[in-house]
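Chains as they are written, first to last, in the working numbering: chain A, 1361 to 1854; chain B, 425 to 1174.
Any given hint might turn out to be false.
Counterexamples of contact, computed for chain A against chain B with all Cβ distances above 10 Å [stated by the list, open to error]: (1) K1365; (2) R1367; (3) E1369; (4) S1474; (5) L1506; (6) D1535; (7) E1580; (8) K1640; (9) D1688; (10) P1728; (11) R1744; (12) E1747; (13) K1788; (14) E1805; (15) T1820.
The list that follows gives simulated cross-link-like pairs (lysine-lysine, DSSO-like), each with its CA atoms no further than 30 Å apart [said to hold, decoys possible]: (16) K450/B - K1600/A; (17) K450/B - K1460/A; (18) K1398/A - K491/B; (19) K450/B - K1534/A; (20) K1063/B - K1460/A; (21) K1806/A - K1166/B; (22) K1063/B - K1600/A.
Reference excerpt, derived from the structure (chain B facing chain A, CB under 10 Å, subset only) [claimed, not checked]: (23) G433; (24) E543; (25) A669; (26) H829; (27) A830; (28) T897; (29) L986; (30) E987; (31) A988; (32) K1166.
Simulated from the structure, these hints should not be mistaken for lab results.
Glycine included, every Cβ here is placed at the ideal spot set by N, Cα and C.
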Amino acid sequence: MAAPKIRSELRFILNGQDVSLRDVAPDHTLLDWLRLSKLLKGTKEGCAEGDCGACTVLVGRLTPSGGLVYEGVNACIRFMGSLDGCHVVTVEHVAARDGKLHPVQQAMVDYHGSQCGFCTPGFVMSLYALWMQTPNPTDQQIETALQGNLCRCTGYEPILRAARAISSYGGTEKDPLLVERDAMIARLKALKDGARVEIGEGKSRFVVPASLDDFAAVLEASTTATVVAGSTDVGLWVTKHMRDISPVVFIAGLDELKSISVAGDTVTIGAGVTYTEALKTLANHVPALGPLIERIGGQQVRNMGTIGGNIANGSPIGDTPPALIALDATLTLRKGSERRTIRLEDYFIAYGKQDRQPGEFVEAVHVPAPAAGEKFAVYKVTKRRDEDITASLGAFRLSLSADGTVTGITIAYGGMAATPKRAFAVEKALLGQKWTEATVEVAMEKYAEDYTPLTDMRATAEYRALVAKNLLLRFYTETTSGAATAQVSRYEAA
Amino acid sequence: MLDRSKIVGSPVSRIDGPLKVTGAAKYAAEHFEPGMLFGHVALATIAAGRILAIDTRAAERLQGVVKIYTHENRPKAAYRDSKWKDAVALPGHPFRPLENDRVLFDGQPVAFVVAETPEAARDAAGLIHVHYAAETPNTHIVAEQHNSYEPPVARMKQFLPPPPRGDAEAAFAAAPHKVSADYVLPGEHHNPMELFAATVRFEDEGRLTIQDKTQGSQNSRDYVCGVFGLDPDKVIVKNDFVGGAFGQALRPKHHLFLAVMASLDLSRSMKVEMTRREMFYLSWRPSCVQTVSLAADDEGYLQAVLHHAVHTTSRHEDYQENVANWSGLAYKCDNVKISYELVKLDLATPGDMRAPGAASGVAALETAMDELACEVGIDPLELRVRNFVHRDQNQDKAITSKALHACYREGAERFGWVARSPTPRSMRDGNDLVGWGMAGGIWEAMMSKGEAKVRLSADGHVTVSAAASDIGTGTYTILGQLAAEVFDCPIDAVTVDIGRSNLPKTGVEGGSWTAATTGSAVQAAAKAVVKTLLGHAQSMENSPLAEASEEQVEISEGRLVLEANHQVGTAIADIMAAAGLDAVEEQAKVGPDILSMRRYAAYSHSAVFVEVKIDEELGVVRVTRVVSAVAAGRILNAKTARSQILGGVVMGIGMALHEEGLIDHRTGRIMNHNLAEYHVPAHADIHDIDVIFVEEQDQRASPIGVKGLGEIGIVGVAAAVSNAIFHATGKRIRNLPITIDKILESEAVQ
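Taking the hints into account, I'd like the entire structure generated from these sequences.
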């Protein structure tokens, strides 16, 4: 492979203006840059960890197919290095140049969606992103779009009413970002020079690889580098733990890691695919995964975070690994030009320890659909309905013979051990038995052999032990009630 | 002409809305000064003990660091406690940042870095190493409640328990129906969305202009002047926009002290912005343990009320709030005993948080009332109706107004309460248990002293000014409305100038008294302007208003006219021209009516109805419906008013289900000091909330008939949720918040 051209300049567009920067630290966040360097203070800091959404801005980027998509992201945990070739839109760019409020803004004023006003720019940007794609959203779409925005004053309902009314203030056809879309695509394409971006020296350096092969080469040559895809986890290492993450390799812009392909019953997802991008295909393929993904973080986190990153970091409370383990997913790991494929389950060795060699990275995850007749469900239980870290998450895949004997059962949990973990003793108690309540009740007693959960801020050990059993009982009830597998992970309004 | 009733009382959109939706509204951290320095605080990592040594060498070597302050080199500040006491200070010793080697609570500032960039300040703070002699902290209120004491100095007279009346113990013993239980509430943290910050502009001749996140610019000014011995005429504090506060920004915080200290020491402009974590070590709603005992006869008439409340305070101050006294006045009862004590723990001083005292005390009382209703066997709403009282028995005073029956009636009707099945666990929706619960709410309708200035220009433009704050409540808007009402002008013709310490004097924005106080002052000043105009008009030759008194005139369409006949009058522009003026300006001062206060007590009231749906196998609760019916006097603005109640209800849902400062009692340290683990309600937790304002006329509570709305929305909500959970599950959970594990692990009563 010929070495790519190297550029020591980060290039993107802020609102209407071309930006090129040569002096950017690997851990410089977009929020700090906006507020401190550009004095654009409409974008707020409320938590610096992607929880409150006050810092929401839109990031527009070219899709592999040549389109342009704008998504709300948390500027507080978004690193500058990941913005090469993007269009950043802040709240200052939303109203018309003559000061006329945008429909989103006028609706927020008229419906009293703003009180103290501090969360307001973030809500405006989240609603703007929603309205661009879905001008007349359902309440459920609104709630999903606003999962990642906290407000402490309004009680939310005025914001919901504002969201419903936006389109009555004007159509998307006049929206500046949509009107200027083709011109912006041309501007962003002009920024794509196929170069590798390298900024900084030695340890305090970051790289935006030019291609997937380039990434493999960069990582092999710099094995201690932190690989950052969505930065929804790594962002907090910086803002909360004050960790030095450099050198850094930013891979969010690599189109080759963004591929989603379906072959037979298996979906292959590139490691750079975000939750938002994966949602439709995965939900088509395995319907139970749709509602699960919609309860991971808020929309901003899902627009940035990747399934590859969720796996690679090996958190015991990552939400996708238990579900994917229950589906018997596999991983392709790559080092240089060498690839190997392992079962996802085998990737997690111990707390903080994964089967990944220096210089190696997760390239793709392969998710088989449940076979015909197999039943699959995943339940996420949290203290707060949305935007909460899992207390316990159980995933179940079951096959039954014609006479109701369990011929296959895979059960995996998150939040119950130091890694996402199978419930082998429970599975053993079920396998070969008739799928009856009596069998399930016997199996429920086996959880104590599989897990010794902890008490922490999210739930007590006793709760976790009990709810783990109850989730199996729920799976049993739902698989035998004749109804299609219901999703506790989605609540419909009364 | 404009219909006046369409200005005040109508749903006028907030006038600061456009600035907020465009990001143009600037908050305390968003003001930049040339050459300014940035500060960052290093926080204690023990809860009790002493600092043995602070190693700042690595931090000092960092490029851009200007100076590091610790207790060893802090510039001098006032010696006497009295100089450190702000307008809402407490009995005890106010906290003095970097005063000495004592560590009184986890997260106490122990060092302060000043640097050329915020990044350098933050990085350097992380490089400071503190060596401590740690002591064993006591942070557990339940474990320490045997050390409780009556506060030796009362913060306010009305926080003291009323004298006992009747013989509560004997009546309790003799009554046929009784309940008695302990209720435990955790500490809560306000978590306004904006982070605390101060920007200090250092000017010539020692002048300072300070942008502070505060609920009272004059309180911040007086505090820094007292502490640093500054001339109040040379210090201006501004708080044009405040990103929420809920009581946390009533008292000056360490960021203000440190920013001013460094600015004076280095003769440079300064900015200090806190982190979200740092905000968990400021004032907070104290953890609280209460015992409530109620007794009733067979018809449910209360025979005895006993309420004992103990809450946390710090080692150095006696924070106090009115927790238990509500139990002596909410319902009719002649045998009442109330007691109130504090426990000192190794935690930061608690502070007022939305409906301080009432949110906690009424939560216990109204849960106990629900338990009593079950015990007597009558409907919980009926129990309250039967015990209605139109008198404050604690103070033996009449009540200015109490449209609580209307709250009960209209709330119950809107909610559909009549369809409630009385037996717990008897209502279901599919797999979910359904519960309906209710509770009452009460809050004092207060008015304090306040001033305002109103200026009417010849061109009809109006300027209202007062040092009041708008912490998201809508102060800008309602003050504009009140002036527009008097001058019969559109609200666009009014400029509202607030949020600055060198404007007419007002108290801190808190306790729901701003609308009543500053609103009344604005109306009084506007009326004074009209009176002055009348005087000028009567000086004109052949004035048609020559014989009119001030009561007989009003302003209509730019003219001063007879109220009875708008044809008779003179244009404002003509009056001013004749008097050689381009504007008329008057200032007015208002205060509570002392005579009336001797005879009357004023309260706002509410009835809250809640529906929950519960997935019992997982312990997951949803609050699917809330109806809050409120009696709070005159409603100035239907939009801002409704939103105040909605916000209060949602914070009450948080109190019931989510909010809890979690402390590791082995170390005395707060564990969940972030928004990921300290849960406030998120969008999906909130479903249908209906707000009803019942009709209530009350000219005694305040001259403009307003009682205030900032607090009443939260009061009673936690109890209503808890009562609904009991109704759904048969499980009475008396320690908040009611989390998934408590529901799953509790036993249903039979």
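Cross-check of the supplied hints:
1. At roughly 31 Å, the least C-beta separation between K1365/A and chain B is larger than 10 Å, which holds for a residue marked as non-interface.
2. Distance to chain B confirms R1367/A as a non-interface residue, since its nearest Cβ pair spans about 25 Å, more than 10 Å.
3. Distance to chain B confirms E1369/A as a non-interface residue, since its nearest Cβ pair spans about 21 Å, more than 10 Å.
4. Distance to chain B contradicts S1474/A as a non-interface residue, since its nearest Cβ pair spans about 5 Å, not more than 10 Å.
5. Separation of L1506/A from chain B is inadequate, the least Cβ-Cβ distance of about 5 Å not exceeding the 10 Å criterion.
6. A cut-off of 10 Å between C-beta atoms confirms that D1535/A is not in contact with chain B; the least separation is 16 Å.
7. Residue placement check: E1580/A keeps its beta carbon more than 10 Å from all beta carbons of chain B (closest about 31 Å).
8. With a least beta-carbon separation of about 21 Å from chain B, K1640/A lies farther than 10 Å from that chain, consistent with its non-interface assignment.
9. For D1688/A, the condition that its CB be more than 10 Å from all CB atoms of chain B holds, with the nearest at approximately 26 Å.
10. With a least beta-carbon separation of about 28 Å from chain B, P1728/A lies farther than 10 Å from that chain, consistent with its non-interface assignment.
11. With 10 Å as the threshold on Cβ separation, the claim that R1744/A sits away from chain B is violated: the shortest Cβ distance comes to roughly 5 Å.
12. Interface exclusion of E1747/A from chain B breaks down, the closest Cβ pair being 5 Å apart, not more than 10 Å.
13. The claim that K1788/A is not at the interface with chain B holds, since no C-beta of that chain comes within 10 Å of its own (minimum 24 Å).
14. No beta-carbon of chain B comes within 10 Å of the beta-carbon of E1805/A; the shortest separation is about 17 Å.
15. A beta-carbon of chain B is positioned within 10 Å of the beta-carbon of T1820/A; the least distance is around 5 Å.
16. Taking the CA atoms of K450/B and K1600/A, the gap is near 26 Å; set against the 30 Å cutoff, the hint holds.
17. Straight-line distance between C-alpha atoms of K450/B and K1460/A comes to about 19 Å, which keeps the hinted pair within the 30 Å bound.
18. With a C-alpha separation of about 26 Å, the suggested pair K1398/A and K491/B falls inside the 30 Å cut-off, and the hint holds.
19. Annotation: proposed proximity of K450/B to K1534/A holds, straight-line Cα distance about 29 Å (limit 30 Å).
20. Between K1063/B and K1460/A the alpha-carbon distance is near 23 Å, which keeps this suggested pair within the 30 Å criterion.
21. For the suggested pair K1806/A and K1166/B, the alpha carbons sit about 24 Å apart, so the restraint of at most 30 Å is met.
22. Straight-line distance between C-alpha atoms of K1063/B and K1600/A comes to about 38 Å, which puts the hinted pair past the 30 Å bound.
23. Annotation: G433/B was flagged as interfacial toward chain A, and the flag is violated, the nearest CB pair being 15 Å apart, outside 10 Å.
24. This hint holds: E543/B has a C-beta 7 Å from the nearest C-beta of chain A, less than the 10 Å allowed.
25. Annotation: A669/B was flagged as interfacial toward chain A, and the flag holds, the nearest CB pair being 8 Å apart, inside 10 Å.
26. Interface hint at H829/B: violated, since its Cβ lies 26 Å from the closest Cβ of chain A, which is beyond the 10 Å cut-off.
27. At its closest, the beta carbon of A830/B sits 23 Å from a beta carbon of chain A; the interface hint therefore is violated under the 10 Å criterion.
28. Interface restraint check: T897/B against chain A, minimum CB-CB distance 7 Å, threshold 10 Å, status holds.
29. A distance limit of 10 Å between C-beta atoms decides the matter here; for L986/B the minimum to chain A is near 37 Å, and the interface restraint is violated.
30. The criterion of a C-beta within 10 Å of any C-beta in chain A is not met by E987/B, whose closest approach is roughly 33 Å, and the hint is violated.
31. Annotation: A988/B was flagged as interfacial toward chain A, and the flag is violated, the nearest CB pair being 37 Å apart, outside 10 Å.
32. Because the beta carbon of K1166/B sits about 9 Å from the nearest beta carbon in chain A, less than 10 Å, this interface hint is met.
Hint check: violations occur at hints 4, 5, 11, 12, 15, 22, 23, 26, 27, 29, 30 and 31; the rest are consistent with the structure.
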